[in-house]
Amino acid sequence: MVSFKNLDKKFGKNVVLNGLNLTIHSGGIIAVLGPNGSGKTTLIKSLLGMVLPNKGSIEINNQNIKNQWEYRNNIDYLPQIANFPGNLNVNELFTMLKDLRGKTTKDQELIELFKLQPFLKEKLSTLSGGTKQKVNLVLTFMFDSPLVILDEPTSGLDPISMIRLKELIQQEKSKGKTIFITTHIMNFVEEVADEIIFLLEGKIYFQGTVSALKTKTKQQDFEYAIATILSENHA
Amino acid sequence: MNVIIILVPLIGTIFGVMYYYNSKEFTELLLAQPIKRSSIFLGQYLGVAISLSLSLVLGLGIPFVTYGLFESAIIWNFFSLLTTGVFLTFIFTALAFNIALSNENKIKGFSYAILLWLFLAVIYDGLFLLSLMYFQNYPLDKFSLIATMFNPIDLSRILILLQLDIAALLGYTGAVFKQFFGTSLGFIMAMAMLGFWVVLPVARMLFVAKRKDF
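Keeping their order, the protein sequence lines are chains A and B.
Just so you know, we're using the numbering used here here: the first sequence kicks off at 1 and counts up by one.
Just so you know, we're using the numbering used here here: the second sequence kicks off at 236 and counts up by one.
None of these hints come from the bench; they were simulated from the model.
Quick reminder that beta carbons are idealized off the backbone N, C-alpha and C, glycines included.
A portion of the hints provided could be inaccurate.
To be verified - Distance condition first, Cα-Cα at most 27 Å in a straight line; then the derived DSS-like pairs of lysine-lysine:
1. Lys55/A with Lys271/B
2. Lys271/B with Lys177/A
3. Lys5/A with Lys447/B
4. Lys447/B with Lys13/A
5. Lys341/B with Lys123/A
6. Lys259/B with Lys98/A
7. Lys98/A with Lys343/B
8. Lys447/B with Lys55/A
9. Lys341/B with Lys10/A
10. Lys271/B with Lys66/A
11. Lys341/B with Lys5/A
12. Lys343/B with Lys66/A
13. Lys343/B with Lys10/A
14. Lys10/A with Lys203/A
15. Lys259/B with Lys66/A
16. Lys5/A with Lys271/B
17. Lys13/A with Lys343/B
As the list claims (entries may be wrong) - If you want the ones that stay clear, here's a sample from chain B, every Cβ over 10 Å from chain A, calculated:
18. Ser288
19. Gly294
20. Ile349
21. Val434
Next comes chain A alone, as it looks inside the complex (with noise of 0.2 Å):
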């Protein structure tokens, strides 16, 4: 179970969460939804202890993660963002994480889903994009953690390997798993998503399922659910 509680960020005078209370409980598809410079970044990093809030706590199981590492050891992290250190071929970044995290055995699988076999003598500064963020995906799912957090991982991918993306996300989640997701499309989510958590200026503006936010706006279809939030609170 993850709790956040009353938790504010500012960037200067940029105020990004602004009192925010959130409960989620384990196991389960959560995506974390809302419109450019909503918060969802901040918050997920808040999570994970690479921004540190101004105010407010953040449990995970009832531990406050403050000042914490540890427990990093039980989530996995997929950036929005794939910077990876230019110097390294794809083989040595995933042997240098096995050396961080411990054993594992599931990267020759992964590499072998997202077809990398190519590229693992490669030089990380001159792959493509996507395929970046399939070493990305690699990585993250490499330790079977119990808390997984993907921010935009659908970036840059081609259709086959979002088919791949979305067989794996559900594989994991059957295995009991909580798996935070943030993204833009909306088509992901409603395929793939449990509970929808919808950030707006820095506060909850609604937690429930798919179908809860299609009562709530009386919209048929979910994509013009979220515009109609959208415009409504931007009109």
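Here the structure of chain A is known, so what remains is to put chain B in place on it, guided by the hints.
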């Protein structure tokens, strides 16, 4: 000797800043992993500082050894030169990391780093000299001792000068310095001061890194 005293800090500063900005992505990757923040930054700092020190020691050591250093009498002078060189590398790499951590903007970070080097290597001496001229009617030996302590480059220069026994050339001031730094107390003080110059920036670096958002 002057080449080392001036160049070593410059190389330490430039490499420190460059390394930090270049490995930013890597740092962000590591921050999401189960590693303590202080280990990440301390590791990066030591990585840069130790490799720079090694290149200094090997780069100077090998030619001197092949030249027959071990038979000559200057081996201790050479040794003190290397020690201060290593100290300077550690000090200036730590200062550079501090500057880079506090400035997101690369160009700004680089400029501040070079300015810091210029200040400690050149401008400080100028100001020091000016103040000595201006207050020449007063007894200045205590002041100049203390002022020297506050600049690691000056401190290293004096330490080496005294080892080389050219202190006599410096006249009265030289005698005062010799009296202070030449004793074991003075030497220990000077080394402790250099140690402070390493520890304080490193402590600040860890402090800032712990509170920074990435």
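Is Lys259/B close enough to Lys98/A, meaning Cα to Cα at most 27 Å? The given pair, whose Cα atoms are some 21 Å apart, holds under the 27 Å limit.
Sort out whether Lys13/A lies within 27 Å of Lys447/B, counting only the CA atoms. holds, 16 Å
Does the no-contact call for Gly294/B survive, Cβ to all of chain A over 10 Å? At about 23 Å from chain A, Gly294/B clears the 10 Å cut-off, so the statement holds.
Starting from Lys98/A, check that the Cα of Lys343/B is at most 27 Å away, please. violated, 36 Å
Would you check the hint for Lys343/B and Lys66/A, treating anything up to 27 Å between C-alpha atoms as holding? Violated: Lys343/B and Lys66/A sit about 31 Å apart, past 27 Å.
Would you mind confirming whether the straight-line C-alpha gap from Lys447/B to Lys55/A stays at or under 27 Å? Answer holds: Lys447/B to Lys55/A is near 15 Å, not above 27 Å.
Would the hint linking Lys343/B and Lys10/A be met if the CA-CA limit is 27 Å? It holds: about 23 Å lies between the C-alpha atoms, which stays within 27 Å.
Hey, Lys10/A versus Lys203/A, does the alpha-carbon distance stay inside 27 Å? Judged against 27 Å, a Cα distance of about 13 Å means the pair holds.
Going straight from one Cα to the other, do Lys5/A and Lys447/B come out at no more than 27 Å? Roughly 21 Å between the alpha carbons, so the hint for Lys5/A and Lys447/B holds.
Starting from Lys341/B, check that the Cα of Lys5/A is at most 27 Å away, please. At roughly 36 Å apart (the allowed maximum being 27 Å), Lys5/A and Lys341/B break the hint.
Tell me if the straight-line CA distance from Lys259/B to Lys66/A falls inside 27 Å. The given pair, whose Cα atoms are some 23 Å apart, holds under the 27 Å limit.
Between Lys341/B and Lys10/A, does the CA-CA distance stay at or below 27 Å? OK: Lys341/B and Lys10/A at ~23 Å, within 27 Å.
When the structure is compared with the earlier hints, violations turn up for hints 7, 11, 12 and for no others.
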